Each structure stands twice: as structure tokens, then as C-alpha cells.
Amino acid sequence: MKATVHVFLKPGVLDVQGKAVESALHGLGWPDVKDVRVGRVLTFDLPGDDRAAAEAQVKAMCDKLLANTVIESYRVEIA
Amino acid sequence: MKAAVIVFPGSNCDRDCKVAIERSTGATVDMVWHGDSELPDGLDLIVLPGGFSYGDYLRCGAMAALSPVMQAVKAAAERGVATVGICNGFQILCEAGMLPGALLRNEGLKYVCKPVALEVTNAQTRFTAAYRDRREVTMTIGNGEGNFFADEATLDRLEGQGQVVFRYIDNPNGSARDIAGIVNAAGNVLGLMPHPDRAFEIDLGSADGALLFQSALASA
Chain D
225 MKATVHVFLK
235 PGVLDVQGKA
245 VESALHGLGW
255 PDVKDVRVGR
265 VLTFDLPGDD
275 RAAAEAQVKA
285 MCDKLLANTV
295 IESYRVEIA
Chain G
46 MKAAVIVFPG
56 SNCDRDCKVA
66 IERSTGATVD
76 MVWHGDSELP
86 DGLDLIVLPG
96 GFSYGDYLRC
106 GAMAALSPVM
116 QAVKAAAERG
126 VATVGICNGF
136 QILCEAGMLP
146 GALLRNEGLK
156 YVCKPVALEV
166 TNAQTRFTAA
176 YRDRREVTMT
186 IGNGEGNFFA
196 DEATLDRLEG
206 QGQVVFRYID
216 NPNGSARDIA
226 GIVNAAGNVL
236 GLMPHPDRAF
246 EIDLGSADGA
256 LLFQSALASA
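So the protein sequences, as listed, match chains D and G.
Everything in the first sequence is counted per the working numbering, starting at 225 for the first residue and increasing by one.
Everything in the second sequence is counted per the working numbering, starting at 46 for the first residue and increasing by one.
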């Protein structure tokens, strides 16, 4: 199975990279772009075919290492 | 007096810390590799140095916080051993859950490297007792991710309990409530972004950092 983890700064936590990208897009002729957030995507393979177990495992990985839940939220996809 | 400096792959202030502690306090300083699972006996002070542990991969300090030696550091801190994280060391302490909050990318997106004026907000901690006559000190910062963040309730608690130890007089990076350094509730774990290890002799531009190491070891 393929796990995909999306990690973003929580709403309300200042995303300075997102702000910089947003102002670059404005300068390039897309002035209507709003609320750019820059995040991180991790993908990896897991053995087996128990999706629920895999999802639980990946969530544990997120809480332990892949995200800092003080400042970040995450979303897990198993395919 | 005995201190240990933890060396992670990518630490680059580990030698600076050793020299700073030796020259400002006369303590012996052991270097401890991140893969060790035990610390030397009889430590009075543990220092997590600045640098770019594990290349800052994933998040600053995230991998280092899970390295084998950190279990021993946590256990020692729980026994009351004075523990200081400087710069990347502060990031590691937050990632390890030994201090609240986190360090975000600097507000201006720039790596900021310069001497900064700091208010000694609490001179009654075991790390700052020697600053009792000093309201303002100077140390150097050097970081891209030194923007302290915590939720409002945590910030209120830190302020209310005297856990804010140093504040920037002119905030260089957007840190919440100008916070440059905090201690844990027990008062024996300090994290700060400015480098006392780069300010321990007047030839370095400031000797104010020496007082921090002297305070930490005087209380041992």
C-alpha cells in the first residue's frame, strides 16, 4: 500500500513561506491569489492490505515524528 | 563541577560550548555522542548545542529529539539536572516535549546573525542568578528558525509563572511576546535562541554569556 501524508502549518500559525510565494504570484500577474500555504508531502510504501491498520500506524508516525502537532496538522491517505 | 555537551550529527557549536563552559566556570566538560544511551555519572549541567542537527531535515531538531541519548537527557532532567538548549538545542528541547511551544521560520524569512540586546526577564532562575544586577545583556543570535510560537494560553502561563527568562528588546524574528528564552515549570530546563557560548569573553564582543554558565553551575 502507498501512504501519503500531507503536513501543513495549522490555520493561524504564520506561514512566512506561503506569504513570500503569495507576494511573488501577485508580482507575476496573479493579484487575486489569496491564502497561499506551503506544506510538505511524504509518500512511502507499507506492506499488507489492512487499510485501517495502516492508517492507524501512519497516524502514530505523524504524532511521533512526521508532524509537530504544536504547530502543524496532517492528513493521511492510504491507497 | 562536571558538564556534558551532547554532539549530534550536524551540531556546530559543540566545541564552542565546551570552551565557553571550561573558561567561564572551570568545570570539566565531556562530549557525549547522540548515539550513546547513557550519560556520564555525576553531571551538574547538560548542554544541547547549536547547529543543524540532522541537517534540519523534516523540522529543526525533530530527528535529534528522537536520538538515543535524548532518553537519558530526559531522565536526567527529570531528576533535576540543569539542562540548557542553545539555538538548535532549544529547538530540540521543544521537539522533545521538554519545553512548550515551537520555533517557526523567522518572520522576515531571513537567517538573522547579529548581536542582540536582551532583557533579563527573570533573574531568579538557576540559570540567571548571576544577572541579578543586570537588566540588559548582549548575546549573538544566528538562526533562520528562531520565531518562538505557542498558543495564547501557554504564553499566558509562561509569563504568569515567571518562565520567560529572556526577551528581545528589539524583536528580530517575530517571536511571540518577544520571547528569546524560557524555562520549564520545574525551572531546571532552559532553552534560548541567543548564544551564551558566543559571548563568554569580552574579546568576543560580550562576556554576558559567561554569567549564564556560572549561574547554572553555581546552583549545582
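If you are wondering where the hints come from, they were derived from the structure by calculation, not from laboratory data.
Please read all numbers here as calculations on a predicted model, not as lab measurements.
Cβ atoms here follow ideal geometry from the backbone N, Cα and C, with glycine treated the same way.
Hints are supplied without guarantee of correctness; some may be wrong.
If you anchor each label on the Cβ, the simulated ranges turn out as follows [as the list claims (entries may be wrong)]:
1. G:246 to D:267: 45 to 51 angstroms
2. G:206 to D:257: 40 to 46 angstroms
3. D:253 to G:153: 22 to 28 angstroms
4. G:76 to D:256: 53 to 59 angstroms
5. G:248 to D:263: 27 to 33 angstroms
Right, here's what the structure says about each hint:
no. : hint                               : verdict
1   : G:246 to D:267: 45 to 51 angstroms : 50 angstroms, holds
2   : G:206 to D:257: 40 to 46 angstroms : 42 angstroms, holds
3   : D:253 to G:153: 22 to 28 angstroms : 25 angstroms, holds
4   : G:76 to D:256: 53 to 59 angstroms  : 55 angstroms, holds
5   : G:248 to D:263: 27 to 33 angstroms : 45 angstroms, violated
Against the hints set out earlier in the document, a violation occurs for number 5 only.
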